[in-house]
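Add chain B to chain A, keeping to what the hints say.
So you can see what is in the structure, the chains are spelled out below.
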Amino acid sequence: MPKRSLAEQLDQAVQALLDRPGSAPSSVTAELYELARIAADLQELPRPEFKENLRSDLRRRAKMSTTTVNPIREGFHTLNLYLVVKGAAEVLEFTQQAFGAQEMLRVNRPDGNIMHAEFRVGDSMIEIGEANEQFPPLPASIHLKVEDVDSVYAKALEAGGFSLCPPTDHEYGERGGGVKDPGGNHWYIGSPRGKTHFLPDQRSVTPCLHITGATGCIDFLKQAFGAEEIMRHQTPDGILLHAKMRLGDTVVEMSEARPEFPAMPANLHLYVADTDAAYKQALAAGATSVREPVDEPYGDRCGGVRDPFGNWWWVATHIKDVSS
Amino acid sequence: MAFPRRALRKEADERLLVEAAQADPARFAELYESHFERVYAFIARRVRNRQEAEDLTSEVFRHALQNLKRFEWRGVPFSAWLLRIAANAMADRWQRVARDHAEPPPEPPDEAAAEDIERRALLYQLVDTLPADQRRVVVARFVEEKSIRDLAQELGRTEGAVKQLQFRALQTLRTRTHPPSKRGAPGGRRAHA
Numbered sequence: 001m002p003k004r005s006l007a008e009q010l011d012q013a014v015q016a017l018l019d020r021p022g023s024a025p026s027s028v029t030a031e032l033y034e035l036a037r038i039a040a041d042l043q044e045l046p047r048p049e050f051k052e053n054l055r056s057d058l059r060r061r062a063k064m065s066t067t068t069v070n071p072i073r074e075g076f077h078t079l080n081l082y083l084v085v086k087g088a089a090e091v092l093e094f095t096q097q098a099f100g101a102q103e104m105l106r107v108n109r110p111d112g113n114i115m116h117a118e119f120r121v122g123d124s125m126i127e128i129g130e131a132n133e134q135f136p137p138l139p140a141s142i143h144l145k146v147e148d149v150d151s152v153y154a155k156a157l158e159a160g161g162f163s164l165c166p167p168t169d170h171e172y173g174e175r176g177g178g179v180k181d182p183g184g185n186h187w188y189i190g191s192p193r194g195k196t197h198f199l200p201d202q203r204s205v206t207p208c209l210h211i212t213g214a215t216g217c218i219d220f221l222k223q224a225f226g227a228e229e230i231m232r233h234q235t236p237d238g239i240l241l242h243a244k245m246r247l248g249d250t251v252v253e254m255s256e257a258r259p260e261f262p263a264m265p266a267n268l269h270l271y272v273a274d275t276d277a278a279y280k281q282a283l284a285a286g287a288t289s290v291r292e293p294v295d296e297p298y299g300d301r302c303g304g305v306r307d308p309f310g311n312w313w314w315v316a317t318h319i320k321d322v323s324s
Numbered sequence: 001m002a003f004p005r006r007a008l009r010k011e012a013d014e015r016l017l018v019e020a021a022q023a024d025p026a027r028f029a030e031l032y033e034s035h036f037e038r039v040y041a042f043i044a045r046r047v048r049n050r051q052e053a054e055d056l057t058s059e060v061f062r063h064a065l066q067n068l069k070r071f072e073w074r075g076v077p078f079s080a081w082l083l084r085i086a087a088n089a090m091a092d093r094w095q096r097v098a099r100d101h102a103e104p105p106p107e108p109p110d111e112a113a114a115e116d117i118e119r120r121a122l123l124y125q126l127v128d129t130l131p132a133d134q135r136r137v138v139v140a141r142f143v144e145e146k147s148i149r150d151l152a153q154e155l156g157r158t159e160g161a162v163k164q165l166q167f168r169a170l171q172t173l174r175t176r177t178h179p180p181s182k183r184g185a186p187g188g189r190r191a192h193a
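Going down the list, the sequences are from chains A and B.
Note that the numbering used here has the first sequence beginning at 1, numbered continuously upward.
Note that the numbering used here has the second sequence beginning at 1, numbered continuously upward.
Please keep in mind that the hints were generated in silico from the structure rather than gathered at the bench.
From a predicted model like this one, the values you see are computed outputs, not experimental measurements.
Hints should not be assumed to be uniformly reliable.
Straight line, CA to CA, 25 Å or less: simulated SDA-like cross-link-like pairs of lysine to any residue [as the list claims (entries may be wrong)]:
no., chain 1, residue 1, chain 2, residue 2
1, A, K244, A, V294
2, A, K320, B, S58
3, A, K320, A, R61
4, A, K222, B, S58
5, A, K51, B, S79
6, B, K69, A, R60
7, A, K222, B, E14
8, A, K63, B, L16
9, A, K155, A, P166
10, B, K146, B, R136
11, B, K69, A, N53
12, B, K69, A, L199
So here's chain A without its partners, still in its complex pose (with noise of 0.2 Å):
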């Protein structure tokens, strides 16, 4: 039998600790058992790519330090809207009709259609794209807090919008009618009334999360991003009503779907003091990834993930202020 090379011998040493990591090298020559020693330190051997990916990090984290940049863009709040729909202009003008909406930014793709627009609602920033093949369309629901429900309700109507319910006088505190608009989104038109369930600070726009599974989310929230759990109305056999959770300084509404009134999961932009904690804690609280963590030409680090309820979510923290 041909005698072995130093090298199969040493292969055979390595392949031996691979095999049972943790082990000491098996016996080899003496020639040999250095080498082996070495292979089996090898086996802890960081990732390049981990050092390489911890380096960017690390500089990353100590350029903010030195940055007193706000983390969340100006003109925005903790938690955006982001609508993704089918005719995304239709509904911008839609919403400058029905409520007065003021466009801040628009961006066209090359076909005309908008890739990211901008638009101010009384004191929140909504988002808006065209729907493609890689982000179809979400239509969202919404609670939209006016001083005049009537007025806006039919100004909505003659902007094109389709009546949802027209506006009615609600026992939980609220004139409210429903509109829904030419890009599918629903908007739930109300005002306080007596003893009511808006809260104090609630903004104009509040995004109302309508899916199944909606217990469920609220401890998604808590977990991935650590909301803070207002009140919560359900029926005795444990079906969400209503549950309202604050993110920063935003609140965010939610209630179980029902077959008469379907699931309408939302896209949603979501400031944090730190994207790459909040993504990866989402992702161990169930979420998938949509995309990892990166900086945005327009100030932004963000990053994509999807709940296991359907609503999407872009984790994003303001790194620099750019001008436009």
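Below, chain B without anything else, positioned relative to chain A:
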């Protein structure tokens, strides 16, 4: 007894590096380059799980960057401060995930363990100095745990040639970590250990 000039020089250099990073966090990168392998070697030996070792190493350096201004130079090396943070991070994790764990939580390394960490940290740094093909074989075999066959296919070489590259890489690392005069007898403790 010879005056340990090199040790003093090293300490003075490190002190300058730490003070520079305390004044300007961008300079923390230099401390990271000097200590990454050391911290990783300390953690990896204790957790034996790559993902956990990476999470903890990240935690240590992020904590160190954030709290660098609190570090005071009192003659204790910066590495000891980092390893103390690492020991605390591991102890925290120990308590979180295994309250009923029979083993005691990790402590900062004693002298013998510190030597072991230094030896492995140096080894990991030296991997970066290998010729590209040898480095690729080392990373593929020991980090990615690729088989010789898959690696031969990837590199377009014969399996025998890949084994030779692996052999030469380990020989180079042995020569660079232990100059011939310092090598001990097989199976026994090395002269300098």
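A quick look at each hint next to the structure:
Annotation: proposed proximity of A/K244 to A/V294 is violated, straight-line Cα distance about 31 Å (limit 25 Å). Using a Cα cut-off of 25 Å, the hinted pair A/K320 and B/S58 holds, with the two alpha carbons roughly 24 Å apart. At roughly 12 Å between alpha-carbon atoms, A/K320 and A/R61 fall within 25 Å of each other, so this suggested pair holds. Annotation: proposed proximity of A/K222 to B/S58 holds, straight-line Cα distance about 24 Å (limit 25 Å).
Proximity of A/K51 to B/S79 is assessed by CA-CA distance (about 17 Å); at most 25 Å being required, the pair is judged to hold. Of the pairs offered as hints, the one joining B/K69 and A/R60 holds, with about 18 Å between alpha carbons and a cut-off of 25 Å not exceeded. The suggested pairing of A/K222 with B/E14 is violated, with an alpha-carbon distance near 43 Å, which exceeds 25 Å. Straight-line distance between C-alpha atoms of A/K63 and B/L16 comes to about 20 Å, which keeps the hinted pair within the 25 Å bound.
For the hint pairing A/K155 with A/P166, the CA-to-CA distance comes to about 13 Å; that is within 25 Å, so the pair holds. Of the supplied pair hints, the one linking B/K146 and B/R136 holds, its CA atoms being roughly 11 Å apart against a limit of 25 Å. Proximity of B/K69 to A/N53 is assessed by CA-CA distance (about 24 Å); at most 25 Å being required, the pair is judged to hold. With a C-alpha separation of about 41 Å, the suggested pairing of B/K69 with A/L199 is violated against the 25 Å cut-off.
Hint violations for this structure: numbers 1, 7, 12, all remaining hints satisfied.
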